[in-house]
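Asks: Sequence:
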Amino acid sequence: MTELGPLDTGFMEMEDTDRRVSLGIGTVAIVEGPPPARDELRGWLDRGLERHSRLRQRVRRTRLDLKAPVWEDDPNFDLAHHVRWTALPAPGGERELKELIATELTERLDRDHPLWEVVVVDQFTEDRWVLVLKAHHTMVDGISEITLFESFCDPAAIEAGGRRRPDRRRSRTGFLQLARKAIQAPVSIPRFALGTVRTLAPVLFAAIAPTSESSLNGPIGRQRRYAVARTILPEVREIAATFDVTVNGVAVAAIAAAYRRLLLSRGEQPIPTELRVMVPVSTRTTEAKQVLDNRVSAVIAHLPIEVDHPVERLIAVHEQIRRHRSRGETDAEKSLLSLSRRLPFGLVAEVFRLAVSFPQRGVVALATNIPGPRHRLTLGGRKVIELWPCIPIAMRVRTTIAILSYLDQLTFGVTGDYDTTPDIETISSGITTEIAVLLAHARDRQASQRSQFAVVRAIGSARSRHTTA
Numbered sequence: 274m275t276e277l278g279p280l281d282t283g284f285m286e287m288e289d290t291d292r293r294v295s296l297g298i299g300t301v302a303i304v305e306g307p308p309p310a311r312d313e314l315r316g317w318l319d320r321g322l323e324r325h326s327r328l329r330q331r332v333r334r335t336r337l338d339l340k341a342p343v344w345e346d347d348p349n350f351d352l353a354h355h356v357r358w359t360a361l362p363a364p365g366g367e368r369e370l371k372e373l374i375a376t377e378l379t380e381r382l383d384r385d386h387p388l389w390e391v392v393v394v395d396q397f398t399e400d401r402w403v404l405v406l407k408a409h410h411t412m413v414d415g416i417s418e419i420t421l422f423e424s425f426c427d428p429a430a431i432e433a434g435g436r437r438r439p440d441r442r443r444s445r446t447g448f449l450q451l452a453r454k455a456i457q458a459p460v461s462i463p464r465f466a467l468g469t470v471r472t473l474a475p476v477l478f479a480a481i482a483p484t485s486e487s488s489l490n491g492p493i494g495r496q497r498r499y500a501v502a503r504t505i506l507p508e509v510r511e512i513a514a515t516f517d518v519t520v521n522g523v524a525v526a527a528i529a530a531a532y533r534r535l536l537l538s539r540g541e542q543p544i545p546t547e548l549r550v551m552v553p554v555s556t557r558t559t560e561a562k563q564v565l566d567n568r569v570s571a572v573i574a575h576l577p578i579e580v581d582h583p584v585e586r587l588i589a590v591h592e593q594i595r596r597h598r599s600r601g602e603t604d605a606e607k608s609l610l611s612l613s614r615r616l617p618f619g620l621v622a623e624v625f626r627l628a629v630s631f632p633q634r635g636v637v638a639l640a641t642n643i644p645g646p647r648h649r650l651t652l653g654g655r656k657v658i659e660l661w662p663c664i665p666i667a668m669r670v671r672t673t674i675a676i677l678s679y680l681d682q683l684t685f686g687v688t689g690d691y692d693t694t695p696d697i698e699t700i701s702s703g704i705t706t707e708i709a710v711l712l713a714h715a716r717d718r719q720a721s722q723r724s725q726f727a728v729v730r731a732i733g734s735a736r737s738r739h740t741t742a
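Numbering (this note's numbering), first residue to last: 274 to 742.
Read the hints as simulated data drawn from the structure, not as lab findings.
All residues carry an ideal CB built from backbone N, CA and C; glycine is no exception.
There could be a bad hint or two in this list.
[Said to hold, decoys possible] Pairwise CB distance ranges, derived in the manner of DEER restraints: (1) Q496 / H714: 16 to 26 Å; (2) R381 / P348: 14 to 24 Å; (3) D517 / T706: 19 to 29 Å; (4) D717 / D319: 46 to 56 Å; (5) D383 / H714: 48 to 58 Å; (6) E585 / P507: 33 to 43 Å; (7) E541 / T706: 36 to 46 Å; (8) H714 / G654: 24 to 34 Å; (9) G316 / R293: 16 to 26 Å; (10) D319 / R368: 48 to 58 Å; (11) R324 / R730: 52 to 62 Å.
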């Protein structure tokens, strides 16, 4: 048995404190060809069970909650508890699939059993079917959720170079490093704690300081809506290269534009500092890719929704994220979570309960970028055509957006509160529109640069001919 980490426990406490919240993370795979037979599906899932023992484990709380909950083997494990088959109502298209996904995001996972399940939609359009994987945030974050899905897929070819061998030299010196840290602890721990608090102070302030009134933040109900936006990854990379920003910066800028359009469509004026968005940042190392747990930190950034020009807004987003990361906020938060492992569980749990109960008004959105597989995935030889990400909402944040890359596609999965986000499609359409606008600006700049280069080259050629003459 292993104890849950502080963040894993926090997600459990968050769900326990708010009956309207379900913290399942989903991946929707649209697959080509006929659906599998039940025995064939079981073979795929058995493959994942062999790789991840966590799939057979449930969460057990300790008596009086004196210690952290632990993962223990489910003595009554039955794969049938974790598989459901369903069908979409006519006409069985994308609208009906998104409604099904919204329902799945509403339903809580059964705490009496391991916290995951698979839903098979055996008919989607003429020659496709759908597999929906859902796992509790206590067990996975966005990256490990994709790792879990990949474990059900057909084994991929081993990449050149294989896995990196463990560093034996580092392991031999581990004891000496541990001893050195123990000697330095009376001095280093207080200094570390002070530095961590100083670094995180702006983050904590951004999380609790209220913004102006906005329809993006407020009480949420139990039901959900779901929308999806598809963009082409090479085009996003082209935009990033042209304006010397990151792919993540382009994606977040598109989200900022979408929220600007949403607020304007609701008759609300976008103002500076109104849109504080939490951007989770993975702290997962390459060696920990196969581990099912949570390894994330976060920054809270002000998205410049008051900026009207798309390129200016993109540059402003890029600078915002760069400044937050350069301050070391993500490392400080990771260190703080590590430090919390040494604290009594009851104290850590109470902090999370208070955080959930507190009506926060500082953060109004969440956007997370999940790097997905670059190679084609298959299930029983059937091609996985698309992957859609799905993440929950909680703590008065009425919409969240997950960004997932797969092959040459960058997909945005938008989750919203049912009652307060009837216009959720405005967000998804706003994202695709903004990517198209930024791409047009990028190509205009490229054409201008080529024209300038041609002029310079022509002048140089003319001077060369004049000198020769």
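Asks: The structure should be examined with respect to each hint, and the outcome stated for every one.
Replies: Outcome of the hint check:
1. As the Cβ distance of Q496 to H714 is approximately 38 Å, the hint placing it in 16 to 26 Å is violated.
2. The beta-carbon spacing between R381 and P348, approximately 22 Å, falls within the hinted interval of 14 to 24 Å.
3. Between D517 and T706 the CB atoms are about 23 Å apart, so this pair conforms to the stated range of 19 to 29 Å.
4. At roughly 53 Å, the beta-carbon separation of D717 and D319 lies within the given 46 to 56 Å, and the hint holds.
5. One distance hint, 48 to 58 Å for the beta-carbon pair D383 and H714, holds here, with the actual separation near 49 Å.
6. With their beta carbons about 24 Å apart, E585 and P507 fall outside the hinted range of 33 to 43 Å.
7. Roughly 19 Å separates the CB atoms of E541 and T706, a value that falls outside the hinted 36 to 46 Å.
8. At about 42 Å, the CB distance of H714 to G654 disagrees with the hint of 24 to 34 Å.
9. In this structure the supplied range 16 to 26 Å is violated for G316 paired with R293, their Cβ-Cβ distance being about 38 Å.
10. In this structure, D319 and R368 break the distance hint of 48 to 58 Å, their C-beta atoms being roughly 34 Å apart.
11. Against the hinted window of 52 to 62 Å, the Cβ-Cβ separation of R324 and R730 comes to about 57 Å, which satisfies the hint.
The earlier numbered hints that this structure contradicts are 1, 6, 7, 8, 9, 10.
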